[in-house]
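J.: Produce the entire structure from the sequences given, and follow the hints as far as they go.
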Amino acid sequence: MRWALLIVLFIVVARPAIAGQDKPPGHFRSFENDEAWAKLPRDNPPLPPWAKMLVGPLPKTTAKMLELDYFHRTNNPLGAELSALLRWYAADALGSDFGKATAEADLRAAC
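Position 33 (the sequence shown) corresponds to 33 in my numbering; numbering is contiguous.
Any given hint could be a false lead.
To be verified - With a straight-line Cα cutoff of 30 Å, these simulated DSS-like cross-link-like pairs (lysine-lysine) come out:
id	residue 1	residue 2
1	Lys-60	Lys-39
2	Lys-52	Lys-64
3	Lys-100	Lys-64
4	Lys-100	Lys-60
5	Lys-64	Lys-39
6	Lys-100	Lys-52
7	Lys-39	Lys-52
No wet-lab data here; the hints were simulated from the structure.
Note that the structure is predicted; figures quoted are calculated from it, not measured.
T.: Here it is in structure tokens:
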């Protein structure tokens with residue numbers, strides 16, 4: 001009984017290949033990696049100056065640091081408003097226009 005079931009299952013699964021088809025009708029096409037990424041909508045927000053400098057020699061590290069920065073900006077235990085204010089003051093003390101702009105945007109979003 002098991003052999004008969006396996007033979008029937010094989011015939012059903014292999015039938016499109018036997019008939020000369022690459023894939024059964026109704027299945028989705030699989031894209032190559034670069035082609036798939038090109039089809040996904042995404043924004044290209046401005047990168048911080050440090051990321052522009054490190055992306056060449058350390059692309060994976062830069063990506064992880066950007067993820068970590070986003071995580072701390074969105075999940076800060078101090079709360080969004082206080083966190084944005086502290087980051088603005090730190091960016092102002094360092095003279096970072098990008099840091100101030102990012103903190104201001106986060107502060108506007110928090111209020």
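J.: None of the hints should be skipped; say for each whether it holds.
T.: Quick rundown of the hints versus the structure:
{"no.": "1", "hint": "Lys-60 x Lys-39", "result": "holds, 22 Å"}
{"no.": "2", "hint": "Lys-52 x Lys-64", "result": "holds, 14 Å"}
{"no.": "3", "hint": "Lys-100 x Lys-64", "result": "holds, 22 Å"}
{"no.": "4", "hint": "Lys-100 x Lys-60", "result": "holds, 25 Å"}
{"no.": "5", "hint": "Lys-64 x Lys-39", "result": "holds, 23 Å"}
{"no.": "6", "hint": "Lys-100 x Lys-52", "result": "holds, 17 Å"}
{"no.": "7", "hint": "Lys-39 x Lys-52", "result": "holds, 25 Å"}
In this structure, every one of the numbered hints holds.
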